[in-house]
Every structure is written in C-alpha cells, then in structure tokens.
Amino acid sequence: MAQLTSANRMAGLRAAPSFAERIDLPQRVVFLAAASMIGIVILLLGFITWQGLQLFLKDGVPVTQVLSTTWQPDSTSPDVTFGLLPFIAGTVFVTAVALLISTPLSVGLALFLSEVAPRWARAIVQPALEIFVGIPSVVWGWLGITILVPFLSDTFHHDFVLSLPVVGEVFRAPGFLTGFSWLAGSLVLSIMVLPTITSVSFDAFRAIPQELRTGSLALGTTRWQTIRHILIPAALPGVLTAVVLGMTRAAGEALAVQMVIGNSPMMPQAISQPVTTLTSQITLDMGNTVFGEPWQDALWTMSLVLLIISITSVVLVRVINKRRMAS
Amino acid sequence: MNTGDEMLAASATYQEPLIRRVEVSASLAADTATAAEHEIKIATSHVSISYGEKVAVRDVSLEIQDRSIMALIGPSGSGKSTFLRCFNRMNDLIPSASVQGEVTLDGENVTDPDVSVVELRRRVGMVFQRPNPFPMSIYENVAYGPRRRGLNDRRKLEELVETSLRRAALWDEVKDDLRRKSGLALSGGQQQRLCIARVLATEPEVILMDEPASALDPVSTLRIEELMRELREAYTIVIVTHNMQQAARVSDVTAFFTMAEDRAGYLVEVGPTGQIFTRPNERLTEDYISGRFG
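Quick mapping for you: the protein sequence lines, in order, are chains Y and F.
My numbering numbers the first residue of the first sequence as 1 and each following residue consecutively.
My numbering numbers the first residue of the second sequence as 1 and each following residue consecutively.
For the record, the hints were derived by calculation from the structure and aren't laboratory data.
You may find that some hints are simply not true.
Derived pair list, reagent style DMTMM-like, types lysine to aspartate or glutamate, alpha-carbon separation capped at 25 Å [said to hold, decoys possible]: (1) Lys54(F) <-> Glu269(F); (2) Lys322(Y) <-> Glu140(F); (3) Lys156(F) <-> Glu203(F); (4) Lys58(Y) <-> Asp74(Y); (5) Lys322(Y) <-> Glu211(Y); (6) Lys181(F) <-> Glu211(Y).
The following residues of chain Y were derived to be distant from chain F, with all beta-carbon distances above 10 Å [to be verified]: (7) Phe93; (8) Gly134; (9) Thr283; (10) Val290.
It should be emphasised that the depicted structure is a prediction, and the values quoted were computed from it without experimental measurement.
Just so it is clear, CB atoms sit at the ideal spot from N, CA and C, and this is done for glycine as well.
All chains should be built: construct the whole structure from the sequences, respecting the hints.
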C-alpha cells in the first residue's frame with residue numbers, strides 16, 4: 001500500500017490508471033445484475049400484456065363480452081362466451097371482506113405490540129408472526145378444508161341460525177350446505193394477510209418519535225387519547241401502506257383460496273355462496289387448455305387483470321409514501 | 001361527563017383535589033404556608049429515584065415557592081432531569097424507574113398511587129429539551145390539551161388559543177395562518193414557544209422546563225428567558241439548565257446538584273440565586289460555577 005502511493009507520487013497525478021481502476025469490476029457486476037433484473041421485469045410485463053391481449057386481437061372477442069357474466073369457455077359448446085366479470089368481482093369481493101376482517105385485528109395487534117405490550121410479550125409475538133408468514137399457503141388451504149369449511153357448514157346450517165331474520169336468509173342461499181364459500185375464502189385470506197398488515201403497521205407506529213407520546217401525555221391526556229389523536233393519525237400513511245400490501249397479497253393468493261372457495265363461476269351475491277376468483281380459476285383451468293386456443297387466451301387476460309391490480313397497488317403505496325414524506 | 005365549559009369554569013375557581021384526603025393535605029398546606037412569604041408550591045422530602053439497581057437521585061429535600069423560578073443546575077448525570085420528572089410523574093413511563101420519598105403539590109403527596117396522573121400533569125405542565133410540536137396546525141397544537149379535556153365550544157377554544165399564544169409571545173408571528181400552517185413548519189424557537197403555549201392552554205399552575213433553550217439559537221434563547229420572567233407572575237416554574245448564565249439571569253432560587261462517588265445524583269445546596277452565584281456555602285458549588293469542573 002505504502003509502496004503503491006509512493007510509486008503514484010513519483011509518477012505524478014497523470015499516471016495511467018491501473019487495470020483494476022479502469023475496469024472497476026465490482027461496479028460492472030452490480031450494474032449488470034441491476035440491468036438484467038430490470039430487463040426481466042420488462043420482458044415479463046411485455047409478455048403477459050401481449051398474451052393478455054390475444055383474446056381481443058386474435059380471437060376477436062369484444063370487450064363487452066369479456067365484461068359480461070357468462071363463463072362458457074369450452075369450444076365444443078354451442079355458445080362460447082368469455083365473461084370474466086364473475087372472476088374479477090370474486091377477487092374484489094373476497095379480498096375486500098378479508099381486509100375488513102383483518103385490518104382492525106392487525107392494526108389493533110400492531111398497536112398492542114407497539115404501545116401496550118411489555119417487552120417479553122413483544123419478544124413472543126414478533127417471532128410468532130414471522131412463523132405465520134412462513135406457513136405455506138397449501139397448509140392454510142388444508143386447514144381451511146379440514147377445519148373451517150366443516151365448521152361453517154355445521155354452524156350456519158343450524159336451525160337456529162337459519163331461523164334468524166336476515167342472517168338466516170343469507171345462509172339459506174343455495175350452495176352453502178358444503179361450507180365452501182366466499183366467507184370461507186375471505187376468512188382464510190384474512191388469517192394469511194394478518195401478519196403482513198400487522199408487521200408493516202407495527203413499523204409505522206414504532207417510527208413515530210417518542211417525543212410525540214411524551215409531549216401528549218405530559219399535557220395530561222390518557223394513553224388512549226394519545227393513541228387516538230396523535231399516534232393513529234401520524235401512522236395512518238404507514239397503516240394504509242400495510243393494508244394495500246395485504247390487499248396485494250390477498251388478491252394474488254391462489255391455492256388456499258381455491259381450496260375453500262367452491263369455485264363456482266357465478267357473480268357473488270351472498271357471502272354464503274361458493275364463488276371463484278381470478279387466481280383460483282387460472283390454477284384450475286390451466287391444465288385443461290391448449291396453448292393458443294381462446295380459452296387459454298382468456299386465462300392470460302385474467303393474468304393481465306391481476307397484473308394491473310398489483311401495479312395499481314404498487315403505485316398506490318408509492319403515492320401514499322410520497323405524501324408522507326411531503327408532510 | 002361534564003361539558004368542557006363547566007370543567008373549565010370549575011378549574012378556574014376551585015382546584016379539584018388529586019386524592020380524596022382533603023383534610024390531611026389542607027392542614028399540611030397550612031403548616032408549610034406560614035413558613036415563607038410565598039406559599040410553598042412544591043416540596044420534596046427525602047426523594048430518591050432509581051432505575052432498577054442504579055440510583056439516579058438520592059435523598060433530595062427542597063421546597064419551591066409559588067410564583068417563583070427555581071433553577072436546577074449541575075453536571076450531566078447529576079439527576080436534575082430525573083428529579084424534575086418526578087414532579088409530574090413522567091418517570092412512570094419508564095418501567096424500571098421507582099421513586100421513594102414524598103413529593104407534594106400544594107401539600108398533597110403526588111407519588112401516592114391513588115393520585116390521578118392525568119389531573120396532576122394538567123396542573124404541572126412540561127416543556128421538553130427538543131421542541132416537540134404535534135404534526136398538526138398551530139391552532140390544533142394549542143387546542144389539543146383543552147380538547148382532550150372535553151372543551152369543544154368553538155368560541156371558547158379560539159379565545160383560549162389566542163390568550164395562550166399571546167402569553168407565549170408567539171401570537172403576532174402566527175396569527176395570520178393559525179389553521180393553515182403546521183406546527184412543524186415553524187422555526188426552532190417558535191416551535192418551543194408553541195410548546196409553551198400548548199402547556200399554557202391546559203391552564204397549569206406549575207411549568208417544568210427541561211433545558212428548554214438548549215436546542216435554540218441565542219436570540220430565541222433570550223426570548224424564552226424573557227417569557228419565563230413574564231410567566232413567573234402567574235406560574236411556578238422549575239427549569240433544568242446547563243447554562244449557568246441562564247440560571248443566573250432567570251431564576252430566583254438555584255439548586256445545585258452533583259454526582260456522588262457511586263454516580264448517584266444528590267443536592268449539594270439550594271439558595272437564592274444571587275447568593276449561590278456570589279457566596280456559595282459549599283466548596284463544590286463554588287468550583288462548579290467558577291468553571292473548575294463539570
């Protein structure tokens with residue numbers, strides 16, 4: 001090292017850069033990795049978009065038909081129709097109910113962990129949440145089939161429940177006898193997204209400076225008032241980000257949902273009915289189709305819709321966080 | 001639940017007791033009142049504070065007169081801030097902290113577990129070292145405390161916000177965009193005055209200041225000091241400061257803390273500020289104020 005610097009000094013500042021300096025290998029490797037990453041993403045987006053548009057371009061299916069509610073993809077049937085609305089609506093509704101169940105629980109848990117729980121409780125719950133995330137979706141689906149679905153079927157087909165005014169109507173809807181339903185799908189999803197929403201919300205609460213808490217408490221407010229009026233507003237962008245991330249995860253989940261949802265390509269009408277989603281229909285049908293036939297093109301169109309959903313949520317998260325930075 | 005107006009009106013004329021042992025505390029207050037020209041507002045008796053095993057403050061007894069400024073000075077780690085925080089029980093927020101001895105506010109022991117900490121902190125406000133305005137408008141920052149106590153009347157709130165900001169010498173600078181401007185958009189000195197206004201809006205009797213000017217430039221510092229002299233007319237102020245000139249300029253009484261061999265803070269001496277800075281009784285005090293250590 002010392003020799004090198006003295007040699008450089010002798011040669012002056014105009015000395016030719018060494019081989020290692022000219023090539024700068026680490027920088028090139030990193031650049032190449034980043035470039036190929038971006039390249040792969042662009043190729044993927046392009047491919048899915050192209051495939052997703054084939055239904056319109058090659059097969060000549062009108063957009064109005066795609067937005068209809070009839071799904072009759074089998075080419076041997078006399079009136080082939082590719083209505084994707086039941087799948088899109090299924091994904092939206094199943095995800096929405098899952099988030100309605102999961103968000104209050106997750107935010108409550110995050111608040112408990114961040115503001116109330118003693119250190120030892122946090123030390124137990126946090127790793128537990130990580131294990132939660134690591135459980136494969138097929139296991140959730142399996143648990144759903146063996147425990148949740150029979151439970152729902154037994155519970156809501158009880159004479160007492162069916163005799164209730166509004167609730168009874170809902171559960172008397174056809175198809176619920178088995179327990180495979182929109183409700184089952186949403187419940188399984190709500191458990192699966194709970195750790196995501198909880199841990200991202202938890203980070204949002206922890207990121208709030210301690211001075212805001214002490215400042216509020218020192219004014220003679222209760223802990224609950226401080227949570228309600230200082231902490232929740234301050235953490236709101238982070239909590240919204242958490243919900244959007246949970247939404248992405250829920251909308252993209254295929255296996256566990258497919259196992260409990262009943263997979264009936266009908267417009268969702270009652271939470272007790274079997275419905276289907278974009279993801280579960282793709283996983284069900286992809287083995288039965290031939291590359292290039294309209295049925296498979298329709299599946300690609302569903303993938304494109306999923307892609308648009310996830311891109312929208314990524315943009316949403318970015319917008320929320322930009323606003324947080326600005327304020 | 002009382003309406004905010006009633007509560008506010010009540011608090012102006014009659015101080016709710018912190019605990020329901022009025023007879024005892026009233027007689028105690030009467031005893032101490034005769035001793036001095038002003039009434040004793042806060043008194044501590046053999047107060048020790050520890051964090052787990054570590055003793056931070058040992059056996060401090062002193063009295064703070066109503067409507068005066070007491071400065072707590074001493075080297076870092078001498079327990080001044082910890083001691084200050086036992087007046088409004090902010091030490092409660094640290095799980096390992098424990099306080100022995102007695103701290104009385106108007107003769108009532110505030111370390112009693114039955115004391116309503118919420119009510120105590122409303123009567124004993126606090127300004128922190130780093131300005132900590134809430135991420136909301138200036139108006140909402142000041143209205144925050146009263147609102148949480150249930151004051152929702154728009155006119156009364158506006159009035160209270162204005163008087164508080166005027167008393168904190170901030171009104172003229174912010175009156176034009178009270179509701180539009182975030183408290184965070186103010187300068188450091190303005191933020192600290194906003195925090196003082198926020199405390200004033202809860203109508204406290206005592207204001208604790210934990211190095212309130214240490215993060216501010218000299219001009220802002222001077223404004224805070226002027227403000228403290230004005231507030232002294234109506235409030236009892238206890239200030240922790242590292243700046244000895246500040247203590248000399250601003251306070252009526254100065255208490256000097258230092259660390260013992262085992263690093264526990266203790267009170268060396270307390271006396272009128274003029275005397276402490278010119279003729280201290282203790283050698284340690286003299287060494288500290290003349291800059292020989294600390």
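Cross-check of the supplied hints:
no.	hint	verdict
1	Lys54(F) <-> Glu269(F)	23 Å, holds
2	Lys322(Y) <-> Glu140(F)	24 Å, holds
3	Lys156(F) <-> Glu203(F)	13 Å, holds
4	Lys58(Y) <-> Asp74(Y)	17 Å, holds
5	Lys322(Y) <-> Glu211(Y)	23 Å, holds
6	Lys181(F) <-> Glu211(Y)	20 Å, holds
7	Phe93	36 Å, holds
8	Gly134	32 Å, holds
9	Thr283	45 Å, holds
10	Val290	58 Å, holds
When each numbered hint is compared with the structure, no violation occurs for any of them.
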